[in-house]
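Q: The opening residue of the sequence shown carries number 13 in the working numbering; numbering runs sequentially from there.
Keep in mind the hints are simulated off the structure, nothing from the lab. Bear in mind the structure is a predicted one, so any value in this text is a computation, not a measurement. Worth double-checking, as some hints may not be accurate.
What the hints assert, rightly or not - DEER-style ranges, computed between Cβ atoms:
1. Ala38 <-> Pro157: 39 to 45 Å
2. Pro154 <-> His134: 23 to 29 Å
3. Asp176 <-> Ser31: 20 to 26 Å
4. Glu147 <-> Glu177: 20 to 26 Å
5. Asn53 <-> Asn83: 18 to 24 Å
6. Ala26 <-> Asp47: 33 to 39 Å
7. Val130 <-> Gly45: 18 to 24 Å
8. Gly129 <-> Arg156: 39 to 45 Å
9. Asp47 <-> Asn83: 46 to 52 Å
10. Glu19 <-> Leu107: 30 to 36 Å
Stated by the list, open to error - Here are the computed lysine to aspartate or glutamate pairs in the DMTMM-like style, where the Cα-Cα straight-line distance is at most 25 Å:
11. Lys116 <-> Asp133
12. Lys116 <-> Glu60
13. Lys64 <-> Glu25
14. Lys22 <-> Asp76
15. Lys116 <-> Glu147
16. Lys97 <-> Asp152
17. Lys39 <-> Asp133
18. Lys22 <-> Asp75
19. Lys39 <-> Glu73
Just so it is clear, CB atoms sit at the ideal spot from N, CA and C, and this is done for glycine as well.
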Amino acid sequence: MPSHATEREKMLEAMLFASGESVPLAKLAEALGCDIPLTRNLLTRMTETYAKDNAGIQLREVDDGYRLCTNPAYYSAIQRLLKIKPRRALSQTLLETLAIIAFKQPVTKAVIENIRGVNCDHGVNRLLEYGLVEEQGRLDAPGRPMLFGTSEEFLLFYGLRNVDELTTLASANAVDSEEKEQENKEES
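Given the sequences, and given the hints that come with them, work out the whole structure.
A: Next up, the structure:
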């Protein structure tokens with residue numbers, strides 16, 4: 013963090029670094045001894061500073077919490093240091109299963125299978141293994157089937173603050189698709 017950072021920003025940075033995971037805004041404000049609006053302003057300033065400086069780390073907001081993450085621009089260096097194997101692209105099956113979970117969450121395997129028309133055990137298990145989905149309790153119904161939803165890792169991976177942004181993203185993509193379709197008709 014540059015030398016012009018305030019003492020409070022440095023304290024926030026240290027707390028987030030030490031935590032290693034997302035910390036709710038209210039908890040940060042309490043630990044800092046500030047109110048929530050001031051703490052949010054400090055975090056916004058920090059986010060902007062990291063972005064402007066193209067720092068090795070980023071401050072990401074995830075589900076009303078904040079987390080320090082590495083800058084994706086430097087992922088290959090981290091990969092070499094930690095000997096991380098490259099993540100394989102998600103197959104069409106995994107993408108379809110993930111999309112169903114993301115938009116219908118919390119959802120049971122039975123619902124996923126009904127939508128896809130095939131068994132989803134492998135897909136759900138692989139997404140759990142990748143940390144993109146997580147168990148979110150059980151449905152209060154006969155057999156008490158497991159409910160699945162997206163994880164914080166999913167939000168970080170796709171650059172989302174919360175799952176509500178999915179509907180905004182889907183709406184924007186639908187509008188883009190309709191506009192392209194209209195352009196194609198006009199060109200014909």
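Q: All the hints need checking, so say for each whether the structure fits it.
A: Results of checking the hints against the structure:
| no. | hint | result |
| --- | --- | --- |
| 1 | Ala38 <-> Pro157: 39 to 45 Å | violated (33 Å) |
| 2 | Pro154 <-> His134: 23 to 29 Å | holds (25 Å) |
| 3 | Asp176 <-> Ser31: 20 to 26 Å | holds (24 Å) |
| 4 | Glu147 <-> Glu177: 20 to 26 Å | holds (22 Å) |
| 5 | Asn53 <-> Asn83: 18 to 24 Å | holds (23 Å) |
| 6 | Ala26 <-> Asp47: 33 to 39 Å | violated (20 Å) |
| 7 | Val130 <-> Gly45: 18 to 24 Å | violated (54 Å) |
| 8 | Gly129 <-> Arg156: 39 to 45 Å | violated (24 Å) |
| 9 | Asp47 <-> Asn83: 46 to 52 Å | violated (30 Å) |
| 10 | Glu19 <-> Leu107: 30 to 36 Å | violated (45 Å) |
| 11 | Lys116 <-> Asp133 | holds (17 Å) |
| 12 | Lys116 <-> Glu60 | violated (33 Å) |
| 13 | Lys64 <-> Glu25 | holds (16 Å) |
| 14 | Lys22 <-> Asp76 | holds (20 Å) |
| 15 | Lys116 <-> Glu147 | holds (14 Å) |
| 16 | Lys97 <-> Asp152 | violated (40 Å) |
| 17 | Lys39 <-> Asp133 | violated (37 Å) |
| 18 | Lys22 <-> Asp75 | holds (22 Å) |
| 19 | Lys39 <-> Glu73 | holds (14 Å) |
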